[in-house]
Amino acid sequence: MLIMDSGEAGSKKERNEEYSINRLPRELIERIFFRLPVSTLLVCIGVCTRWKNLIRDPNFVTSHLKHASHYSLIFFQQDYVAGKHYPSDAILIDKAWSQSTYAVLTIDPDDLLCGSCNGIICLYTKTLTIKIANLATGECLHLEKPIKNLSGDQFLFYSFGFHPLTREYKITHLGDYVEGRP
1 MLIMDSGEAG SKKERNEEYS INRLPRELIE RIFFRLPVST LLVCIGVCTR WKNLIRDPNF
61 VTSHLKHASH YSLIFFQQDY VAGKHYPSDA ILIDKAWSQS TYAVLTIDPD DLLCGSCNGI
121 ICLYTKTLTI KIANLATGEC LHLEKPIKNL SGDQFLFYSF GFHPLTREYK ITHLGDYVEG
181 RP
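For the sequence shown, UniProt numbering gives the first residue as 1, with consecutive numbering after it.
The set of hints was computed from the structure by calculation and includes no laboratory data. Ideal Cβ placement from N, Cα and C applies to all residues, glycine included. A hint or two may mislead.
Each pair of labels, with its calculated beta carbon distance range [claimed, not checked]:
id, residue 1, residue 2, range
1, P58, D110, 27 to 33 angstroms
2, K52, R167, 20 to 26 angstroms
3, F34, T129, 30 to 36 angstroms
Build out the structure end to end from the sequences listed, making use of the hints.
Have a look at this one:
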């Protein structure tokens with residue numbers, strides 16, 4: 001029977017920590033992460049708090065997009081049964097042509113794509129909201145339309161983009177109201 005004293009056990013723990021990946025410099029971990037597809041990064045978020053904070057950092061997201069040599073594809077499937085349209089899920093396909101399990105966003109038949117930028121999409125809905133969605137993470141934000149008093153949405157146009165100086169996503173809204181028109 002081998003008996004270790006507490007001094008030996010402590011040194012073994014110290015040796016394990018010495019070789020821990022968390023001892024790598026942040027810059028090196030970033031360089032490794034820049035080469036990974038988004039679907040893999042989403043798995044890495046669950047490894048430790050340090051990685052989660054790094055991957056969720058807006059500066060990292062911007063840099064990852066700049067380093068990306070490929071782009072994911074988004075497919076909106078149409079569910080059409082017995083002459084009726086039904087809501088469907090958006091499907092995100094990554095570099096390896098495999099479906100991401102993180103992309104769960106329901107697209108209603110009447111939703112219209114206003115634009116996409118840096119992996120974020122903007123959808124215009126008939127339910128008086130605008131959806132801003134990150135299909136890689138499945139996160140979705142519902143915003144109320146800024147103007148509700150126009151007669152019908154046929155007079156409205158929405159667009160979506162990113163302002164590089166302020167580093168903010170912007171929704172532009174153009175409207176035309178013709179008096180006396182329903």
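Against the structure, the hints come out as follows:
{"no.": "1", "hint": "P58 x D110: 27 to 33 angstroms", "result": "32 angstroms, holds"}
{"no.": "2", "hint": "K52 x R167: 20 to 26 angstroms", "result": "21 angstroms, holds"}
{"no.": "3", "hint": "F34 x T129: 30 to 36 angstroms", "result": "34 angstroms, holds"}
When held up to the earlier numbered hints, the structure conflicts with none and fits them all.
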